[in-house]
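Taken in order, these protein sequences are the chains called C and S.
Residue numbers for the first sequence follow full-length UniProt numbering, beginning at 1 and rising by one.
Residue numbers for the second sequence follow full-length UniProt numbering, beginning at 1 and rising by one.
One thing to keep in mind: the hints can contain errors.
[Stated by the list, open to error] One-sided and incomplete, this derived list gives chain S residues near chain C with beta-carbon spacing under 8 Å:
hint: 1; residue: D298
hint: 2; residue: M302
hint: 3; residue: L306
[Claimed, not checked] Here are the simulated lysine to aspartate or glutamate pairs, EDC-like style, with alpha carbons at most 16 Å apart:
hint: 4; chain 1: C; residue 1: K473; chain 2: C; residue 2: D568
hint: 5; chain 1: S; residue 1: K300; chain 2: C; residue 2: D568
hint: 6; chain 1: S; residue 1: K300; chain 2: C; residue 2: D412
hint: 7; chain 1: C; residue 1: K345; chain 2: C; residue 2: D412
Hints listed in this document are in silico derivations from the structure and should not be mistaken for laboratory results.
A virtual CB, placed ideally from N, CA and C, is assigned to each residue, including glycine.
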Amino acid sequence: MDSRRVPRTVSDPKVRQVGFFAPAAPLDRSESGPPAPTSSSPPVSDVSPSGNSLSPVMIPPPRHLSTDLSRHFPLGPPISPLRVARAADTSIPVGSYNPSEFLTPTATTEFSEDPLSPRWGRRGSSGKFATSLPAGGFNMALAKQKNAVNLPPDGGSNVEVQKEQRAVTGKPLKEKTTKAERRALQEAQRAAKAAAKGEGSKTGASGVNTANSNTGKPVKAVSQKKDSSSVAASEKKGGDRQPDKDRKKDVPHPRMQFDDANRVEKAKKRSVVKQTEAKNRVELFRHLPQYEHGTQLPELESKFFQLDTVHPAVYKVGLRYLAGDISGGNARCIAMLQAFQESIKDYSTPPEKSLIRDLTTKINGYVSFLIECRPLSISMGNAIRFLKTRIAQLPLNLSESEAKVHLISDIDRFISEKIILADKVIVKHAVTKIRDGDVLLTYASSSAVEMMLLHAHELGKHFRVVIVDSRPKLEGQKLLRRLVGKGIHCTYTHINAVSYIMHEVSRVFLGASSVLSNGTVYSRVGTACVAMVAHQFHVPVLICCEAYKFHERVQLDSICSNELGDPDVISKVSGRKEINTLDGWANSENLQLLNLMYDATPSDYVSMIITDYGMIPPTSVPVIVREYRREHLWI
Amino acid sequence: MAAENPNPKISLYYQTRAAHHGVVTSDWLAQAQAAAGGRSDDVVSENYLSSGEEDGKGFSVVDEFNNWRKQPELAEAVAAIRALASVIRSSQATTMMELEIELKKAVDSLKSWDTTSISLTAGCDLFIRYVTRTSALEYEDFDSAKSRLIERAEKFGEISYKARRIIAMLGQDFILDGCTILVHGFSRVVLEVLRTAAQNKKQFRVFCTEGRPDRTGLRLSNELAKLDVPVKLLIDSAVAYSMDEVDMVFVGADGVVESGGIINMMGTYQIALVANSMNKPVYVAAESYKFARLYPLDQKDMEPALRPIDFGVPIPSKVEVETSARDYTPPQYLTLLFTDLGVLTPSVVSDELIQLYL
Numbered sequence: 001m002d003s004r005r006v007p008r009t010v011s012d013p014k015v016r017q018v019g020f021f022a023p024a025a026p027l028d029r030s031e032s033g034p035p036a037p038t039s040s041s042p043p044v045s046d047v048s049p050s051g052n053s054l055s056p057v058m059i060p061p062p063r064h065l066s067t068d069l070s071r072h073f074p075l076g077p078p079i080s081p082l083r084v085a086r087a088a089d090t091s092i093p094v095g096s097y098n099p100s101e102f103l104t105p106t107a108t109t110e111f112s113e114d115p116l117s118p119r120w121g122r123r124g125s126s127g128k129f130a131t132s133l134p135a136g137g138f139n140m141a142l143a144k145q146k147n148a149v150n151l152p153p154d155g156g157s158n159v160e161v162q163k164e165q166r167a168v169t170g171k172p173l174k175e176k177t178t179k180a181e182r183r184a185l186q187e188a189q190r191a192a193k194a195a196a197k198g199e200g201s202k203t204g205a206s207g208v209n210t211a212n213s214n215t216g217k218p219v220k221a222v223s224q225k226k227d228s229s230s231v232a233a234s235e236k237k238g239g240d241r242q243p244d245k246d247r248k249k250d251v252p253h254p255r256m257q258f259d260d261a262n263r264v265e266k267a268k269k270r271s272v273v274k275q276t277e278a279k280n281r282v283e284l285f286r287h288l289p290q291y292e293h294g295t296q297l298p299e300l301e302s303k304f305f306q307l308d309t310v311h312p313a314v315y316k317v318g319l320r321y322l323a324g325d326i327s328g329g330n331a332r333c334i335a336m337l338q339a340f341q342e343s344i345k346d347y348s349t350p351p352e353k354s355l356i357r358d359l360t361t362k363i364n365g366y367v368s369f370l371i372e373c374r375p376l377s378i379s380m381g382n383a384i385r386f387l388k389t390r391i392a393q394l395p396l397n398l399s400e401s402e403a404k405v406h407l408i409s410d411i412d413r414f415i416s417e418k419i420i421l422a423d424k425v426i427v428k429h430a431v432t433k434i435r436d437g438d439v440l441l442t443y444a445s446s447s448a449v450e451m452m453l454l455h456a457h458e459l460g461k462h463f464r465v466v467i468v469d470s471r472p473k474l475e476g477q478k479l480l481r482r483l484v485g486k487g488i489h490c491t492y493t494h495i496n497a498v499s500y501i502m503h504e505v506s507r508v509f510l511g512a513s514s515v516l517s518n519g520t521v522y523s524r525v526g527t528a529c530v531a532m533v534a535h536q537f538h539v540p541v542l543i544c545c546e547a548y549k550f551h552e553r554v555q556l557d558s559i560c561s562n563e564l565g566d567p568d569v570i571s572k573v574s575g576r577k578e579i580n581t582l583d584g585w586a587n588s589e590n591l592q593l594l595n596l597m598y599d600a601t602p603s604d605y606v607s608m609i610i611t612d613y614g615m616i617p618p619t620s621v622p623v624i625v626r627e628y629r630r631e632h633l634w635i
Numbered sequence: 001m002a003a004e005n006p007n008p009k010i011s012l013y014y015q016t017r018a019a020h021h022g023v024v025t026s027d028w029l030a031q032a033q034a035a036a037g038g039r040s041d042d043v044v045s046e047n048y049l050s051s052g053e054e055d056g057k058g059f060s061v062v063d064e065f066n067n068w069r070k071q072p073e074l075a076e077a078v079a080a081i082r083a084l085a086s087v088i089r090s091s092q093a094t095t096m097m098e099l100e101i102e103l104k105k106a107v108d109s110l111k112s113w114d115t116t117s118i119s120l121t122a123g124c125d126l127f128i129r130y131v132t133r134t135s136a137l138e139y140e141d142f143d144s145a146k147s148r149l150i151e152r153a154e155k156f157g158e159i160s161y162k163a164r165r166i167i168a169m170l171g172q173d174f175i176l177d178g179c180t181i182l183v184h185g186f187s188r189v190v191l192e193v194l195r196t197a198a199q200n201k202k203q204f205r206v207f208c209t210e211g212r213p214d215r216t217g218l219r220l221s222n223e224l225a226k227l228d229v230p231v232k233l234l235i236d237s238a239v240a241y242s243m244d245e246v247d248m249v250f251v252g253a254d255g256v257v258e259s260g261g262i263i264n265m266m267g268t269y270q271i272a273l274v275a276n277s278m279n280k281p282v283y284v285a286a287e288s289y290k291f292a293r294l295y296p297l298d299q300k301d302m303e304p305a306l307r308p309i310d311f312g313v314p315i316p317s318k319v320e321v322e323t324s325a326r327d328y329t330p331p332q333y334l335t336l337l338f339t340d341l342g343v344l345t346p347s348v349v350s351d352e353l354i355q356l357y358l
């Protein structure tokens with residue numbers, strides 16, 4: 001039985017190129033980092049995160065309690081933009097380390113002076129790693145060691161940072177060298193990096209575009225700036241480029257952090273949709289974009305005929321996202337792909353340009369526009385990645401019309417195989433798990449679960465459905481209407497009654513926006529709640545999710561990556577004008593409303609995931625990602 | 001290859017089983033006879049209805065299978081694999097498709113022979129996948145492709161046959177001097193592990209559960225006594241009572257399911273629960289051909305396998321008896337699986353299945 005296994009090539013431990021170093025350098029640098037920081041200097045130079053613990057992402061504590069607080073945030077707050085900037089390509093002007101933010105931590109010096117020496121010693125050692133790491137690029141091996149050493153959490157948000165980096169790949173460490181030093185380093189390395197990284201970043205850009213979702217990305221800046229150089233490089237699939245490119249591709253890029261004012265400014269300049277930032281935002285979620293809702297629609301509608309950068313079909317889809325007309329991972333993905341199909345049909349290569357490069361640029365532009373309307377879902381990200389891979393793999397000798405036909409049929413095939421057919425297979429597997437007399441519970445509205453329930457009903461199985469719903473979206477009502485219309489017995493309740501109703505339930509079927517590599521299910525907010533209650537009652541939880549939604553990312557909590565919706569809908573109850581206590585909430589400084597769209601359900605609460613590859617346990621998601629991405633799942 | 005059913009009254013399956021174990025209750029025979037009614041009809045009708053060479057093939061698969069099964073040491077699935085290999089060998093097909101169809105028919109007839117045996121079904125499925133999953137099928141001419149298939153089939157048979165030895169070698173490493181092992185059910189693999197450990201001069205003692213109603217504990221203690229291993233028999237209810245003294249639990253498996261859990265003789269789940277709550281490791285010894293693409297969510301989510309229970313006294317007809325012969329142990333209660341692929345954690349089972357089937 002051994003012979004049947006294809007030997008797996010062991011990939012190099014991923015050496016993350018962070019910031020400003022030529023690819024060959026990293027290991028040397030990491031060694032050359034200050035071997036033993038002295039207690040005096042580290043405060044400022046080593047322990048970067050101590051500064052960041054006072055950055056906007058954390059509620060500023062009273063001074064003397066600051067150290068305790070940092071102890072209590074094991075996972076670390078979302079990392080400040082300073083660190084993110086390091087990972088991004090050097091083409092982004094590294095106003096990423098914002099001088100103003102640097103100056104904030106006068107507090108940090110005192111702060112770091114505060115602790116007792118033993119603790120300091122430990123912090124020092126963690127500091128050593130800290131310096132070596134950003135110095136040397138983010139050496140995963142080191143980080144692993146470090147985590148194994150299990151430095152105490154008060155070793156600074158450093159450790160938290162490390163952990164978070166492991167967990168949320170792509171957030172580099174920031175070190176506190178002096179400004180001038182860093183600038184000099186940066187200039188020197190940027191030149192070296194630009195050449196070497198030219199090709200890598202192109203795929204990095206596509207990686208960013210597609211691999212990350214739900215928050216905006218620096219991709220727009222990256223892609224538009226680097227397109228000329230990087231696209232050229234991407235053509236050559238030379239051997240030496242390949243490992244670099246693969247490495248880059250394998251490691252998802254950091255997402256844009258919206259609390260970096262500088263970056264947000266730059267992003268705004270390029271944007272088509274002028275979004276106004278919401279006031280009164282929750283501190284913990286500052287790294288996610290939040291805009292005033294409903295303000296852009298009329299303006300954008302009027303701009304419809306003046307577009308030159310965005311194809312009308314894409315524009316339409318973007319507007320529909322903005323208005324909230326299309327929701328649900330599959331629907332959004334299909335709408336987007338069909339819009340891209342339209343735009344490809346109408347596309348014609350400008351003279352003196354290559355189809356592949358130009359089309360990719362165009363697609364990048366469309367994607368940026370769509371992101372401005374509404375952050376991408378993971379399914380959309382994967383679909384875009386697929387499309388870009390297909391474009392990049394077009395044989396050069398094809399004529400333009402042939403190439404276009406190729407792409408259009410590829411998109412059609414993707415939609416039909418990965419979405420429509422996949423749903424049919426999922427339904428086929430799932431109905432085998434429904435027995436007569438079952439009481440099935442579902443939450444909100446998932447297209448796959450709905451199809452399965454309808455199919456099971458057609459097959460004549462006798463069962464009853466409990467639909468759990470939640471404000472503000474109340475998506476369950478639409479599902480309820482459709483099921484009752486087909487004659488299925490339904491019970492409808494809100495999420496606050498889920499523990500009341502759970503004892504009657506025999507199976508729980510949930511949908512997912514995505515399933516991540518550690519088995520975590522990323523789905524509509526409230527799903528985690530339902531799954532946990534079901535687990536407590538020993539009710540099996542089955543997730544129905546197509547395989548194209550799987551992602552190699554890992555997420556430990558619902559905070560580091562999410563989407564923020566319109567907070568106003570929380571303060572109002574539709575149809576009940578007299579409930580107006582929260583009117584004018586925006587004027588109160590002490591009140592912030594939070595409307596999260598997604599949450600992460602840990603894999604312990606999930607019994608089984610039903611995909612088009614069959615029924616698998618949650619631990620097998622990375623297997624599917626590995627086996628099929630490698631074999632070009634998307635083709 | 002004409003063959004007859006030597007004793008048309010009792011199904012071959014139960015006959016060979018009885019011959020293996022020598023412990024047959026009247027209840028059991030009665031059930032066997034009842035089953036035999038359907039069984040022999042199938043066999044006979046197959047002879048009459050079909051004609052031509054296919055018929056001979058179909059008939060001989062089951063026959064081959066039974067011939068192999070007569071050896072008590074041979075696992076069911078391995079016997080099936082050997083039988084299927086001989087189907088290929090003796091096949092008169094001239095194209096790949098024909099051969100595959102023949103194989104499929106043979107597999108179906110084997111599966112219908114015993115619908116409740118998971119290892120048989122899984123073994124057959126795996127055999128088909130293993131044998132036909134070669135790129136050689138595409139471009140070689142038929143004869144060389146066929147010989148490739150036969151080669152692979154024999155190899156698979158060899159591997160499966162040797163699986164027990166490999167597992168024994170892996171498993172006996174986990175048995176340390178002075179340890180106490182709790183064993184449930186009569187698994188030949190587990191017996192092999194214990195035998196190997198005893199041969200390596202390890203000092204250990206074994207607690208056997210009685211294993212009603214099959215009396216597996218009695219048989220096992222018999223075997224172990226022959227090996228000079230100190231054995232203690234427990235009634236099934238005394239497991240929690242003795243769990244303190246136990247260092248590890250060893251069980252076999254009828255089937256290993258996709259979640260990593262196992263389907264085994266009734267009582268395994270109970271013992272795994274007790275062991276888990278007392279922090280004792282539960283080790284499962286199972287060959288890799290027992291990996292099946294099932295995914296039970298709870299105890300009732302499987303094909304029922306019923307066997308009658310003899311209480312020794314007549315039971316009033318109003319009283320219902322739970323006659324299920326096996327239960328499902330979820331993966332969180334299992335520590336490690338010893339297979340011929342190595343020592344695995346339960347989550348690897350799905351990995352293996354995905355690699356093989358997709």
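Structure-based check of all given hints:
The interface hint given for D298/S is met, as the beta carbon of that residue sits about 7 Å from the closest beta carbon of chain C, less than 8 Å. Taking 8 Å as the C-beta contact cut-off toward chain C, the hint placing M302/S at the interface is violated, the least distance being around 12 Å. Evaluation of the L306/S hint against chain C yields a violated restraint, the C-beta minimum of about 18 Å exceeding 8 Å. Restraint check: the Cα-Cα separation between K473/C and D568/C comes to about 12 Å, which is no more than 16 Å; the hinted pair holds.
With a CA separation close to 48 Å, the supplied pair K300/S and D568/C exceeds the 16 Å bound. About 42 Å separates the Cα atoms of K300/S and D412/C, which puts this hinted pair outside 16 Å; it is violated. Simply put, K345/C and D412/C have alpha-carbon atoms about 13 Å apart, close enough for the 16 Å limit, and the pair holds.
Of the numbered hints listed earlier, those contradicted by the structure are 2, 3, 5 and 6.
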